[in-house]
Amino acid sequence: MDILVGQLFTGLSTGSILLLAALGLSLTFGQMGVVNMAHGEFIMAGCYTAYVTQQVVGGAGVSLLIALPIGFAVGGAMGLILEVLLIRRLYHRPLDTLLVTFGVGLILQQVARDVFGAPAVNVTVPQFLRGGVEILGTTVPKTRLFIMALAVVAVAALALVLRFTPAGRRIRAVVGNRDLAETAGISSRAVDAGTFFIGSGLAGVAGVALTLIGSTSPTTGQSYLVDAFLVVVAGGLGRIKGAVVAAVALGALQSVFETYSTASLAKVGVFVVIVVFLQLRPQGLFTLRTRSLA
Amino acid sequence: MPHRPEHRPRRAARAIAATAALIVTAGAAAACGARAGEETDAFEPCLDTSGDTVKVGALNSQSGTMAISETTVLDAILLAADQINAAGGVLGKQIEVIDEDGASEPVVFAEKAEKLIREDCVAAVFGGWTSASRKAMLPVFEDYDSLLYYPVQYEGLEASENIFYTGATTNQQIIPALDYLAETGVESLYLVGSDYVFPRTANAIINAYAEAHGIEILGEDYVPLGSTEFSTIVNQVSAAGADAVFNTLNGDSNVAFFREYANVGLTAEQMPVMSVSIAEEEVGGIGVENIVGQLAAWNYYQTVESEANAAFVEAFKAEYGADRVTSDPMEAAYNAVHLWAATVEKAASFAVDDVQEAAGGVSFEGPEGTVVIDGENNHVSKTARIGEIRSDGLLYTVWESEGPIEPDPFLDGYEWAADLAVAE
Chain A
1234 MDILVGQLFT GLSTGSILLL AALGLSLTFG QMGVVNMAHG EFIMAGCYTA
1284 YVTQQVVGGA GVSLLIALPI GFAVGGAMGL ILEVLLIRRL YHRPLDTLLV
1334 TFGVGLILQQ VARDVFGAPA VNVTVPQFLR GGVEILGTTV PKTRLFIMAL
1384 AVVAVAALAL VLRFTPAGRR IRAVVGNRDL AETAGISSRA VDAGTFFIGS
1434 GLAGVAGVAL TLIGSTSPTT GQSYLVDAFL VVVAGGLGRI KGAVVAAVAL
1484 GALQSVFETY STASLAKVGV FVVIVVFLQL RPQGLFTLRT RSLA
Chain B
23 MPHRPEHRPR RAARAIAATA ALIVTAGAAA ACGARAGEET DAFEPCLDTS
73 GDTVKVGALN SQSGTMAISE TTVLDAILLA ADQINAAGGV LGKQIEVIDE
123 DGASEPVVFA EKAEKLIRED CVAAVFGGWT SASRKAMLPV FEDYDSLLYY
173 PVQYEGLEAS ENIFYTGATT NQQIIPALDY LAETGVESLY LVGSDYVFPR
223 TANAIINAYA EAHGIEILGE DYVPLGSTEF STIVNQVSAA GADAVFNTLN
273 GDSNVAFFRE YANVGLTAEQ MPVMSVSIAE EEVGGIGVEN IVGQLAAWNY
323 YQTVESEANA AFVEAFKAEY GADRVTSDPM EAAYNAVHLW AATVEKAASF
373 AVDDVQEAAG GVSFEGPEGT VVIDGENNHV SKTARIGEIR SDGLLYTVWE
423 SEGPIEPDPF LDGYEWAADL AVAE
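Keeping their order, the protein sequence lines are chains A and B.
Heads up: take any position in the first sequence, counting from 1, add 1233, and you land on the numbering used here.
Heads up: take any position in the second sequence, counting from 1, add 22, and you land on the numbering used here.
Fair warning: there could be bad hints in the mix.
Facing chain A, a subset of chain B residues (Cβ under 10 Å, in silico) [stated by the list, open to error]: (1) GLY207; (2) SER210; (3) PHE252; (4) ALA284.
Please keep in mind that the hints were generated in silico from the structure rather than gathered at the bench.
Cβ atoms here follow ideal geometry from the backbone N, Cα and C, with glycine treated the same way.
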């Protein structure tokens, strides 16, 4: 019993990592329908932002807190540039978008390799996040509690922005029906760019936080990309709520499966569950009722 | 990498490329076979030693994922060649190193190996890192009856007449590591590894060893290559309460594993982790504070105390910069060039047959100690060392074998391993 409860908590923590990696994607892929294969590299950029900030600022605690907003700006800026230079020209050409962003991802990886070197760099974990806390019979590292808290804050902030700010309303209007929104005087181009900025910025924030538990190397982003897509697809396109539920469910599944087999097999198990689930419910957990005619 | 769905088309493309390469190679082989009937030999080695120089190949990844590791090996090869040239060369001829980029792709390694043999007519090739790259090059070197010197520790169970293995095989790294753990009173182990050939083979050996020596294996876990999610595994390791952990994780997974390990409060005193793929370079990425006190098994560390090593480290730093570190595969590659030169001197010939015949018993006073080529299996005898990671990020020897250990790639000398070689 204790082990199961402990594992469920582990699942919650794994889920919050998945969620953090997927949240930005749920905006750019889920809402805008852009398959951005460079999303993982935006996460990687966030990781290196944390590293550079720490090299410049020094203190691990302070630099982490400073790196979070800088990571948002760096990821967001990269996303904005990608949107304006390439993706904007490729709307309604999803396959080309996929290939182009995949190429951009490879380029970004090589840039990171040239600038920082191929071996992983070390981002020191601040003193107040070292060690663990005893919860329900398992030791939970403080870094994971921090990531869970950050995931909650990020989801809440995103939900508030989408619901209560004029910019958020414009985003929802364009997602709901692009043509009608344009008729109403909304510049869908500006909204697209803004949405991409926020989504990519969230990837940057995720990157900063993930340095606490994972490695910071040119290929770091790749390890999160597929899981992020899984979360968005299983959760249902266009729904933040879906991403939250899917992330927690996948995290719990992974950790429970892992308890009874190896991590490799658990991964297979999770994939099987997702494949079966998508057969039964291709639209994912939650669906967005749009007013678009397409 | 293995989970990226977008890799599927690429993998398919690679499979097509590999198949195409195979067909081409088969065609070439058939052509050679056809010619063999008319001429005396399938492939006439085109090595030209009439001038003042002799060409050798250096085939390492200079681009792609493996580049940073493998370019350090290239540096070591060039250093060794320079030293030999400064001392008068091999059989009076200066070594000319032709370097090619394997690009972290096994298929490219095979292509470039063929190019070095056919077009550059090299006397020998030094290089390769991953087992996949070695397996890809092996048929090329066997078909053309040429020589490859492979400088990285690997999973054993191989012995080609055309490959000299100057890195450790399992009985020079994994078994000494187990001996060391057993000596220090370890009675139970937890095995954690990446899911590919080396950890699976290593753990098969560890299981057989454990059964024969009364060590209990409390768990065996594999994660996909590149996985960074270790909370469940570390919880299980912690709950199992083994005396030590044997770690065959590769690459970035080590970072996530050791961070999680340290964060749940596990230390080297409570439950030491013995790793076989963490060298000086990886320690930096993991963060010394997360791994200090943990153990590693290799044959060479920069800190090894010997005259040969002092000279090696000094020469290397003088050539490439004071901030550079030397590591086990670099040292093995450095030894490889010197061993080849010594073999050629002994054979008084650059011809492959003569070198193969003369190789047995050739020795070199390397930075790790004396290494001697075993004429039976083309591996070299090596000194095994257990290193402890200290707070300066370097590894220091805490235990070493009494002299070099004879290579035994098929573990024939170990009764408990009798079933293993058959199983493979």
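Status of the hints after comparison with the structure:
1. Taken as an interface hint, GLY207 of chain B does not check out: its beta carbon lies about 26 Å from the nearest beta carbon of chain A, beyond 10 Å.
2. Violation of the interface hint for SER210 of chain B is found here, the shortest Cβ-Cβ separation to chain A being roughly 19 Å, above the 10 Å cut-off.
3. The criterion of a C-beta within 10 Å of any C-beta in chain A is met by PHE252 of chain B, whose closest approach is roughly 8 Å, and the hint holds.
4. The beta carbon of ALA284 of chain B is positioned within 10 Å of a beta carbon in chain A (closest approach about 8 Å), and the interface hint is therefore held.
Against the hints set out earlier in the document, violations occur for numbers 1, 2.
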